[in-house]
Each structure stands twice: as structure tokens, then as C-alpha cells.
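Protein chains: 2
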Amino acid sequence: MQSPSASASSHALPTAAHGIPTSPVNVERLRSRVDTALAAFLERQAGTLEGVSRDCGPLVESVATLMRGGKRLRPAFCYWGWRGAGGDDGDPITRAAAALELFQAAALIHDDVMDGSDSRRGMPAVHRRFASLHRGQGWRGDGDRFGLAGAVLAGDMCLVWTDELFAASGLPIERLEAARPLFNRMRTELLGGQYLDVLGQSLPEDEDPAADIERARHVIRYKSAKYTIEHPLLIGGTLAGAGEELLATYSAFGLPLGEAFQLRDDVLGVFGDPDETGKPAGDDLREGKRTVLVAMAMAAANPAQADVVRRLLGDPRLDAESIGVLRGVIEDTGALDAVERLIDELTATALKALAEGPVAGPARDVLEQLAVAATARAR
Amino acid sequence: MQSPSASASSHALPTAAHGIPTSPVNVERLRSRVDTALAAFLERQAGTLEGVSRDCGPLVESVATLMRGGKRLRPAFCYWGWRGAGGDDGDPITRAAAALELFQAAALIHDDVMDGSDSRRGMPAVHRRFASLHRGQGWRGDGDRFGLAGAVLAGDMCLVWTDELFAASGLPIERLEAARPLFNRMRTELLGGQYLDVLGQSLPEDEDPAADIERARHVIRYKSAKYTIEHPLLIGGTLAGAGEELLATYSAFGLPLGEAFQLRDDVLGVFGDPDETGKPAGDDLREGKRTVLVAMAMAAANPAQADVVRRLLGDPRLDAESIGVLRGVIEDTGALDAVERLIDELTATALKALAEGPVAGPARDVLEQLAVAATARAR
Numbered sequence: 012m013q014s015p016s017a018s019a020s021s022h023a024l025p026t027a028a029h030g031i032p033t034s035p036v037n038v039e040r041l042r043s044r045v046d047t048a049l050a051a052f053l054e055r056q057a058g059t060l061e062g063v064s065r066d067c068g069p070l071v072e073s074v075a076t077l078m079r080g081g082k083r084l085r086p087a088f089c090y091w092g093w094r095g096a097g098g099d100d101g102d103p104i105t106r107a108a109a110a111l112e113l114f115q116a117a118a119l120i121h122d123d124v125m126d127g128s129d130s131r132r133g134m135p136a137v138h139r140r141f142a143s144l145h146r147g148q149g150w151r152g153d154g155d156r157f158g159l160a161g162a163v164l165a166g167d168m169c170l171v172w173t174d175e176l177f178a179a180s181g182l183p184i185e186r187l188e189a190a191r192p193l194f195n196r197m198r199t200e201l202l203g204g205q206y207l208d209v210l211g212q213s214l215p216e217d218e219d220p221a222a223d224i225e226r227a228r229h230v231i232r233y234k235s236a237k238y239t240i241e242h243p244l245l246i247g248g249t250l251a252g253a254g255e256e257l258l259a260t261y262s263a264f265g266l267p268l269g270e271a272f273q274l275r276d277d278v279l280g281v282f283g284d285p286d287e288t289g290k291p292a293g294d295d296l297r298e299g300k301r302t303v304l305v306a307m308a309m310a311a312a313n314p315a316q317a318d319v320v321r322r323l324l325g326d327p328r329l330d331a332e333s334i335g336v337l338r339g340v341i342e343d344t345g346a347l348d349a350v351e352r353l354i355d356e357l358t359a360t361a362l363k364a365l366a367e368g369p370v371a372g373p374a375r376d377v378l379e380q381l382a383v384a385a386t387a388r389a390r
Numbered sequence: 012m013q014s015p016s017a018s019a020s021s022h023a024l025p026t027a028a029h030g031i032p033t034s035p036v037n038v039e040r041l042r043s044r045v046d047t048a049l050a051a052f053l054e055r056q057a058g059t060l061e062g063v064s065r066d067c068g069p070l071v072e073s074v075a076t077l078m079r080g081g082k083r084l085r086p087a088f089c090y091w092g093w094r095g096a097g098g099d100d101g102d103p104i105t106r107a108a109a110a111l112e113l114f115q116a117a118a119l120i121h122d123d124v125m126d127g128s129d130s131r132r133g134m135p136a137v138h139r140r141f142a143s144l145h146r147g148q149g150w151r152g153d154g155d156r157f158g159l160a161g162a163v164l165a166g167d168m169c170l171v172w173t174d175e176l177f178a179a180s181g182l183p184i185e186r187l188e189a190a191r192p193l194f195n196r197m198r199t200e201l202l203g204g205q206y207l208d209v210l211g212q213s214l215p216e217d218e219d220p221a222a223d224i225e226r227a228r229h230v231i232r233y234k235s236a237k238y239t240i241e242h243p244l245l246i247g248g249t250l251a252g253a254g255e256e257l258l259a260t261y262s263a264f265g266l267p268l269g270e271a272f273q274l275r276d277d278v279l280g281v282f283g284d285p286d287e288t289g290k291p292a293g294d295d296l297r298e299g300k301r302t303v304l305v306a307m308a309m310a311a312a313n314p315a316q317a318d319v320v321r322r323l324l325g326d327p328r329l330d331a332e333s334i335g336v337l338r339g340v341i342e343d344t345g346a347l348d349a350v351e352r353l354i355d356e357l358t359a360t361a362l363k364a365l366a367e368g369p370v371a372g373p374a375r376d377v378l379e380q381l382a383v384a385a386t387a388r389a390r
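Those protein sequences? They're chains A and B, same order as listed. Residue numbering for the first sequence follows the numbering used here, starting at 12 and increasing by one per position. Residue numbering for the second sequence follows the numbering used here, starting at 12 and increasing by one per position.
Just to be clear, a hint being listed does not mean it is correct.
Pairs count within a copy or across copies, as identical chains cannot be separated in the list.
Derived SDA-like pairs: lysine to any residue, alpha-carbon spacing no greater than 20 Å straight-line [as the list claims (entries may be wrong)]:
{"id": "1", "residue 1": "K300", "residue 2": "G152"}
{"id": "2", "residue 1": "K363", "residue 2": "S333"}
{"id": "3", "residue 1": "K363", "residue 2": "A57"}
{"id": "4", "residue 1": "K300", "residue 2": "D217"}
{"id": "5", "residue 1": "K363", "residue 2": "A189"}
{"id": "6", "residue 1": "K300", "residue 2": "I184"}
{"id": "7", "residue 1": "K300", "residue 2": "W150"}
{"id": "8", "residue 1": "K82", "residue 2": "A384"}
{"id": "9", "residue 1": "K363", "residue 2": "P327"}
{"id": "10", "residue 1": "K82", "residue 2": "G289"}
{"id": "11", "residue 1": "K300", "residue 2": "I334"}
{"id": "12", "residue 1": "K300", "residue 2": "G101"}
{"id": "13", "residue 1": "K300", "residue 2": "R151"}
{"id": "14", "residue 1": "K363", "residue 2": "A263"}
{"id": "15", "residue 1": "K363", "residue 2": "R186"}
{"id": "16", "residue 1": "K300", "residue 2": "G154"}
{"id": "17", "residue 1": "K363", "residue 2": "P314"}
{"id": "18", "residue 1": "K300", "residue 2": "G149"}
{"id": "19", "residue 1": "K300", "residue 2": "A310"}
These aren't lab readings, by the way, just hints derived from the structure by calculation. All values reported here derive from a predicted model rather than from experimental measurement.
If we strip away everything but chain A, and leave its shape as in the complex, we get:
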């Protein structure tokens, strides 16, 4: 598989004075400013929770630790959606954008609970962290049950903190009100998409393989594409008072790009380097995810290949050899090439929409660089 860093370096990213490429996420020092906003917010919440009890410390710590990782893609799309609509740089939009990172944290924490995933961003998943705390302290009862509870509550915290930080961003109330329908839609649609994703692992194989591919593509639009790129852009734009034409550009850019982003994530979930993905090699195969990649492999598989996939996919004890066998089927059926082509097509469609739309000033360039970064690398 093509290395994500090789792919990224083939495009002109902004370069710092000392010659090391700067991530487009950090143009205008956005990443560090988002992190500062998140740290200040979490410190305030830690104070509130300390008022409840000092014992609540691990709740905030688990969130803060998770947030040390991550690319801040969603805040970046929100911020540049704002700038692209003519909004000025400032701390209020940075805080509003940072709120999306809390929403992402909620989705990840609960996703890992639902999938029973062991790790995230190269660290133990939040429910594993709470289970370890329980065992380390020698507490009573079932450590896994405690871990589950801790992660359900930590994710809930991130959900309620999302709208708290968004509302407390300091942006004018009437602008926040204008963006609220999008903010609401983003949240409900993501949760619906996550449900479809879970359901997709449970439904029987469709007799028509093309229907399975279409279903998998539908799922990623809602469980990932929209809330990663389209909705952050639309929220940022609406906060700055964007007109209909610009918002239509953001959708025409964001939706295919979001799909390409998730397809890249799916490829990395099968072929990616654990150092890049923060998950063990082949983790998506072990969890039995019915991705577009898998659906395409099944559509093109001969009976023997299809049997291999049916037998191995979703086996939690899958070893390196079996992962190699599954990877082989995905490559031999042409599914990997087909998904790479789809990523390229979707990204090209997105970039064309961006080039043709009325996006202001430096935002156009940064959004183009973000598009490359989002489709070339692990989350």
C-alpha cells in the first residue's frame, strides 16, 4: 500500500523556516490555539468536578489524555470555513472550533466501548484505562464493568461539554443561533450514522454485493464524512454569515472529501502502520468492520476468496498470518486498487468544487492542503 507520508509529501505543504513541513492544521498556529482553548476549558470543568468530589479526577484526566492525540481536523475545517466566509481570526472562533474536538472525543470514547476496542491513538482506550485503574487499586467487583461505566460517563461528559464550549465561545449569540440547526443536525446525524455502522456489522450479507457496497458508502457519509468535514465547514461558514453559494461550495467540497477521508481511514485500518493509526495492525479486520473495502472485496471475490473472508473477518483472535491472508484477498480481488481510485476521484471532485467556489483569501489554499492531509494520513 502507498505510504501515507509519501503521499502527503508529494504535495506542497507549507514549510517552516527550518525546512520541516508544517501541518496545514497548524497554519495560524491553530492547533496550539485549539489546544490552549481545550486545556483552559478542561481545567474549568476539573474545578467543577472537584466541587463534587476529588474522586472525580480520573474522569477529566481520561479525556485530557485522549485529547493529547488527534489531528484537530474538525476544528481546522470549522475555522477555515469561517475564514473562507470572510471571518477574522480571533479567539472566539477558535473556541467554537475547539468544541468540535470534544464532540469527536465523545464519539471515539463511546465507539471504543461499543466495538470493545483495546486501544486508541496508541494508548489504551478509555474503558481499558478505567478498568486498569480498578485493577490497580484492587477495588471490589468487576473491573471491566467499572471500565465500561467510566467510559460511558467520560463520553457523556464530552457530549455535554461540546455544547457548553460552543455556547461559551464568545461569538455573538445571534451568530451561534444561526449555526445551531447545523450543530444539532451534525450531532443527531452522527449518532444515527454510528447506529447504522453497528447495524451493518449485524445484518446478513446482501445477496446483491453492489447493495452491500452502497450500504457501506451510505454509512460512512453519516458516521464520519459529514461530521468530519462538511458540517464543521458549514458551521464555521454560517457563524461568519456565509451566503448560500459559499455554503453550497462547502457541501460540494466537504461531502466527497469526507467520504475520501473515511475510505483512507478504512484502508489504514487494514494495511496501516500501527504507529500511524494508533491501533494494532489489522484491527478493523479483527473487529469485523463491514467497510467499503471489504464489501468491494466480497463483490469481486471468487468462491474460495469469499469463504476466506467469511471465515476470518471478525475473529477477535486473528493472528498476523491470518491478517496477511485477508490482506492478500483484498489486494488480489482488486478491492484495494478500486478504493484508492475512489479516494482519488472523490478528492478530485472535492478540489474542483473548492476551486470553482467563492472561498475567500488564504482559506482556499489551506482547505486544499487540509484536503490532501485528510485523505493521505491516519486520523
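Following the hints, position chain B against chain A.
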């Protein structure tokens, strides 16, 4: 144990023309108006989710089914907090109050996941409902894991819908902004309280039994008392522009009353009739809840009685006979009488604060009746 209905009927509840007592929750037809607001809101959300996929139907249905039960206590305290501050009757405050019922639904759904509870409000818990759907359809994979995921997402939906309905209530933005710090505090403190509750089941017994009683009382303030009564009152009052003296009255009334409410709930969890509680008899004993009732029993137990509690409490297979034995210990140690006295004292403290405070018009009477209903009956 004293029957809750006997206790309730010893106070003067409002009586309908045909002689059947009307619940104070339905004064001004509040209960049915809250239900109308919730039904309209859920129908709108069902539309949004149908746009994602028809397959999302069970998410909204699970919430709507859960909400058929429940007493609407939190909306009632919010509404009468508003009226007590001179607010006029109207649909906007009814919608804002109804949002608290969505918050309650989120707490219950996730609570049942964390506790592994089978039933709620006399029906299968939401995670059991999703597990049954999975089994009934003969889907692939683990039905319990699907049930867990469905309930995590349904609870997440209710959390994000809480602030959506609150913000979309139609109340003036500046009033909503004034109440927002309380709304935020309510949510974070409840989640902290739920964590303390889970932690309480895991921590070892304290060498000082009085410390265990104090810990249990601290937990119920945060996991139940505040978000059931004090915060809804304060939110309603603040929405109507209440002054400091009235808000202080609401706290002085709401906090002890909330504690009494949860102590009543704890008594019902051990001694209650399943028809009243919507949970199997002795469910809290089976789940091993470290309630004030249990902590008081341990504090007063002789060594043989303490051994019985240590051996039986939290055994998931506890049968009717063992439940009878545990109930016997709780009665024989005097813990039941002590908790009943504490409920009476806390309720009296609350009612005194209400009587002395500047609460407007009919709200004073209805709040008094709500206080009786909240401490006399199952949720």
C-alpha cells in the same frame, strides 16, 4: 414498610371533580402538555433520522417507549420554579421544562447499561430491548453487544436532544443565556455524581461506618438530589428572572427534598412493590447498591448481621428468600426506621424553607404537594 400510597393519601392532594386525587404534577395539565411537547420534538427527530436511514427507527422508538413511563417530576419542579418567580404560564416554559425529561431519560438509559439492569419502569431496559431486536431478527454476532451499542447511542441522543429542546423552547435568548450556567452545572454535576455512585460500589468498606453513611449521602446529593429538584427549580426561577432571595429559598427547599426523594427511592428499591417501582423486588440488593439504607444497617449491625450483608448484597442470583433475610437485617438493625426518620426530617426542613421564602402565588401550594409526592412514591 409504610406504603407509599398510604403516605401520599394522608396529605391533601388536589382532587378532581369526580373525587379521584389529581397528581400535583398535572396541575395546569402540565403532564399532558409536557408529553405533547416531547412527542412533537421526538417526531421532528424521527424525521431527521429517517433522512439518515429508515433503519434508525428503533433509536427514536426506544426513547419514546421509555418516556411513556415516568412521573415528569423534573419538568414540574422547573415549571413551578418559573411560576414561583412570577413567570406566566405558556408553551415556551413547558418546552424548556420538558427538556429536563430528556436529560432524565439519558441518565436512566446509561445507568441501566452501567448497572446491567434488566428492567426500567416495568419494561425491559433499553439495552435489553435492542438485544431482543437483534435476537428476534436473527442477526449476526452478539446480541448483548448490539444491545449495549443501541443503548449507548439512544442515551447519547437524549443528551444532545436535551440542549436542543431547551434552546429551541422559544424563551428569549437572554433568559436562556442567564440559565445556561445552571444548566451546564446540572449536567456535569450529575455525571460526576453517577461516577461517584459507580465508584462507591467498587471501594472497600470504610473502617468507620459513619464515613460510609456520609459518603452515601454525598453521592445521592450529586447523582440524584440536585438534578431532580434543586437544579430544575433554579433553572425555572432563573428563566423567569428570580432574585437571589428566591433562588436561595429554592436551594434550601430543593436540596433536602432531593435527598429525601432519593432516600425514598432507596427504600423502595429494597422494600417496594414491583408494580410501583417498575423494577423487580429487591433489585437494589441484587445490584449491590451501597445506599444510605445499607450503610446505616452496617453501622448498626452485630457481627452476624454484618456477615449476612457482606455475603448476600450484590449477588446477582439473589432469590426471594435471601432478599427476605437482607430485608430482615435492614429492619432489625433499625436502619429502615432511621432512614424513614431522616426522610421526614429532610422533608420538614424543605417545607419550612418553602413556607418562609418569597414564592409567588399558586406555586407555593403546588411545590408543597410536589414535595409530598416526591418523597412518598416511586419515580
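So, going through the hints one by one against the coordinates:
In the homo-oligomer, the alpha carbons of K300 and G152 lie at most 20 Å apart only across protomers (12 Å), although the nearest pairing inside one protomer, at 32 Å, exceeds that limit. In this assembly of identical chains, K363 and S333 lie within 20 Å of each other by CA distance neither inside one copy nor across copies; the values are 40 Å within and 71 Å between. For the homomeric pair K363 and A57, neither the shortest alpha-carbon distance inside one copy (45 Å) nor that between copies (35 Å) is at most 20 Å. Taking the closest pair of Cα atoms, K300 and D217 come within 20 Å of each other only inside a single copy of the chain (15 Å); across copies the shortest separation is 46 Å, beyond that limit.
For the identical chains of this complex, K363 and A189 are neighbours neither inside a copy (28 Å) nor across copies (45 Å), given an alpha-carbon limit of 20 Å. Proximity of K300 to I184 under the C-alpha cut-off of 20 Å is found in neither arrangement, the shortest distances being 41 Å within a copy and 44 Å between copies. Proximity of K300 to W150 under the C-alpha cut-off of 20 Å is restricted to the inter-copy arrangement: shortest distance 15 Å between copies versus 34 Å within a copy. For the homomeric pair K82 and A384, the shortest alpha-carbon distance inside one copy (10 Å) is at most 20 Å, but the shortest distance between copies (51 Å) is not.
Proximity of K363 and P327 under a CA criterion of 20 Å is satisfied in neither setting, with 42 Å inside one chain copy and 61 Å between copies. For the identical chains of this complex, K82 and G289 are intra-copy neighbours only, at 12 Å inside a copy versus 46 Å across copies, given an alpha-carbon limit of 20 Å. In this assembly of identical chains, the alpha carbons of K300 and I334 lie at most 20 Å apart only when taken from the same copy (14 Å versus 44 Å across copies). For a Cα distance limit of 20 Å, the shortest separation of K300 from G101 qualifies neither inside one copy, at 41 Å, nor across copies, at 49 Å.
Proximity of K300 to R151 under the C-alpha cut-off of 20 Å is restricted to the inter-copy arrangement: shortest distance 13 Å between copies versus 34 Å within a copy. Only within a single protomer do K363 and A263 lie at most 20 Å apart by alpha-carbon distance; the minimum there is 9 Å, versus 63 Å between protomers. Within a single copy, K363 and R186 get their C-alpha atoms no closer than 29 Å, and across copies no closer than 45 Å, so neither meets the 20 Å cut-off. Taking the closest pair of Cα atoms, K300 and G154 come within 20 Å of each other only across two copies (16 Å); inside a single copy the shortest separation is 27 Å, beyond that limit.
For the homomeric pair K363 and P314, neither the shortest alpha-carbon distance inside one copy (40 Å) nor that between copies (78 Å) is at most 20 Å. For the identical chains of this complex, K300 and G149 are inter-copy neighbours only, at 19 Å across copies versus 35 Å inside a copy, given an alpha-carbon limit of 20 Å. Proximity of K300 and A310 under a CA criterion of 20 Å is satisfied intra-copy only: 16 Å inside one chain copy versus 52 Å between copies.
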